[in-house]
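Going down the list, the protein sequences come from chains R and Z. Residue numbering for the first sequence follows our numbering, starting at 126 and increasing by one per position. Residue numbering for the second sequence follows our numbering, starting at 126 and increasing by one per position.
These are calculated hints, taken from the structure and not from any lab test. Please read these numbers as outputs of a predicted model, since none were measured by experiment. Treat the hints with care, since some could be wrong.
Unchecked claim - Okay, the calculated beta carbon distance ranges per label pair:
id: 1; chain 1: Z; residue 1: Ala318; chain 2: R; residue 2: Ala290; range: 48 to 54 Å
id: 2; chain 1: Z; residue 1: Thr325; chain 2: R; residue 2: Gly201; range: 28 to 34 Å
id: 3; chain 1: R; residue 1: Ser167; chain 2: Z; residue 2: Ser293; range: 20 to 26 Å
id: 4; chain 1: R; residue 1: Ala331; chain 2: Z; residue 2: Ser239; range: 16 to 22 Å
id: 5; chain 1: Z; residue 1: Glu340; chain 2: R; residue 2: Gly201; range: 16 to 22 Å
Each residue gets a CB set at the ideal place from its N, CA and C atoms; glycine is no exception.
There are 2 protein chains.
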Amino acid sequence: MRRMKMMVPAITIGVISIVGLVVAGVGVVSGQTSQAEKYVPSYTADGKLNFPAGYREWVYLTSGVDMSYGPASNMGKSMFDNVFVNSEAYKSFLETSTWPDKTVMVLEVRAAGSKGSINKNGHFQTEELRGREVHIKDESKFPGKWAFFSFNSEGPGELFPKEAACYSCHEEHGAVDTTFVQFYPTLLPIAKAKKTLSATYLNEEAVSGAEKKEEKAEKK
Amino acid sequence: MRRMKMMVPAITIGVISIVGLVVAGVGVVSGQTSQAEKYVPSYTADGKLNFPAGYREWVYLTSGVDMSYGPASNMGKSMFDNVFVNSEAYKSFLETSTWPDKTVMVLEVRAAGSKGSINKNGHFQTEELRGREVHIKDESKFPGKWAFFSFNSEGPGELFPKEAACYSCHEEHGAVDTTFVQFYPTLLPIAKAKKTLSATYLNEEAVSGAEKKEEKAEKK
Chain R
126 MRRMKMMVPA
136 ITIGVISIVG
146 LVVAGVGVVS
156 GQTSQAEKYV
166 PSYTADGKLN
176 FPAGYREWVY
186 LTSGVDMSYG
196 PASNMGKSMF
206 DNVFVNSEAY
216 KSFLETSTWP
226 DKTVMVLEVR
236 AAGSKGSINK
246 NGHFQTEELR
256 GREVHIKDES
266 KFPGKWAFFS
276 FNSEGPGELF
286 PKEAACYSCH
296 EEHGAVDTTF
306 VQFYPTLLPI
316 AKAKKTLSAT
326 YLNEEAVSGA
336 EKKEEKAEKK
Chain Z
126 MRRMKMMVPA
136 ITIGVISIVG
146 LVVAGVGVVS
156 GQTSQAEKYV
166 PSYTADGKLN
176 FPAGYREWVY
186 LTSGVDMSYG
196 PASNMGKSMF
206 DNVFVNSEAY
216 KSFLETSTWP
226 DKTVMVLEVR
236 AAGSKGSINK
246 NGHFQTEELR
256 GREVHIKDES
266 KFPGKWAFFS
276 FNSEGPGELF
286 PKEAACYSCH
296 EEHGAVDTTF
306 VQFYPTLLPI
316 AKAKKTLSAT
326 YLNEEAVSGA
336 EKKEEKAEKK
């Protein structure tokens with residue numbers, strides 16, 4: 126088991142932005158007992174979200190490595206982000222290609238290793254957890270239906286204020302219902318087929334496609 | 126939906142080696158219907174393993190990027206590998222830190238994207254499937270208890286002959302029962318605590334630790 130106490134500066138990584146995240150004492154082994162039963166989100170009296178302890182047994186959506194939406198951030202070490210969603214929401218998405226109320230997505234950030242055991246190249250995931258965030262849809266609780274929470278431990282997580290960059294970025298760029306389905310390889314084809322891609326995403330893709338065509342034409 | 130037909134040369138990637146894998150017509154969207162119920166492996170009359178169609182709803186273990194155990198392989202494009210295990214085997218591992226009979230692990234290889242949607246750096250996973258392999262424990266069926274199968278589609282998969290490099294590599298380097306638990310960040314601490322790490326792995330780690338100490342001493 127590893128423990129660490131560190132500051133990560135304001136960065137944007139993976140599918141959810143991590144703003145000034147303080148990681149203290151994470152790295153506790155989760156999943157020691159099986160907790161795959163239906164997850165019902167619950168909150169503390171002061172509005173924190175209780176930690177979704179069984180999320181490693183939820184449905185995996187994707188991983189990224191060192192993803193960023195601005196200039197490359199150099200944190201001295203590569204990082205993976207893994208995204209999980211509760212099973213009930215996943216099953217509903219397969220049918221409808223939209224997210225039901227009480228959808229919970231967990232973003233888990235882990236430090237990458239490179240040389241270790243017999244591995245000599247590329248990157249693998251290590252025990253070193255760098256943070257966890259939740260994107261939750263709870264329609265009756267949040268004015269914008271969705272909210273973000275940050276977890277520094279397996280205790281209750283702090284709500285991101287609605288001015289945080291994650292809200293506007295997900296609103297403006299999320300392919301389906303403010304979520305980054307464009308990065309979820311098994312869900313994107315379903316959203317295309319069922320035509321639930323957002324107007325803003327489709328517009329962005331059209332503009333980016335036109336720009337690529339222009340670049341090609343200039344090169345000729 | 127993407128379709129491709131290509132040859133990947135003999136490479137070792139992720140936790141299972143892919144030997145001369147012919148990927149033809151993969152990229153079929155799986156998980157269109159929910160198949161999370163208990164998976165029981167079944168074989169065709171000629172010894173092929175039927176495709177574990179619901180594996181994307183199994184328990185996720187880890188992902189790697191461009192991992193290799195020899196010199197870096199340049200395939201022109203980065204690749205992710207994702208590893209899933211059937212839920213029953215995972216739950217058993219949490220209790221015992223060993224794999225029960227009928228453990229099934231799926232290695233899924235996907236091409237990485239870099240610039241796409243709002244992402245500008247790092248890598249994300251794409252719809253482009255490059256291959257899938259299964260590592261299965263079926264004690265009464267295979268002399269070495271475990272076997273590897275390769276899938277080029279969602280039809281039955283071909284058994285790797287027992288001379289294939291994957292068998293000897295997993296035997297010699299797997300941290301627990303011929304599997305690469307050293308790369309599964311949530312399982313490794315359990316294996317350490319329950320002392321189920323293999324003698325060969327522990328020996329390798331001891332040698333590698335001693336070498337690192339020597340290197341440090343020489344630098345001083």
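Here is what the structure says about each hint:
Taking the beta carbon of each, Ala318 (chain Z) and Ala290 (chain R) are about 39 Å apart, not inside 48 to 54 Å as hinted. Against the hinted window of 28 to 34 Å, the Cβ-Cβ separation of Thr325 (chain Z) and Gly201 (chain R) comes to about 33 Å, which satisfies the hint. Our hint of 20 to 26 Å for Ser167 (chain R) and Ser293 (chain Z) is violated, since their Cβ atoms are close to 50 Å apart. The supplied range of 16 to 22 Å is met by Ala331 (chain R) and Ser239 (chain Z), whose beta-carbon atoms lie about 21 Å from each other.
Between Glu340 (chain Z) and Gly201 (chain R) the CB atoms are about 21 Å apart, so this pair conforms to the stated range of 16 to 22 Å.
Consistency with the previously given hints fails for numbers 1, 3, ordered from lowest to highest.
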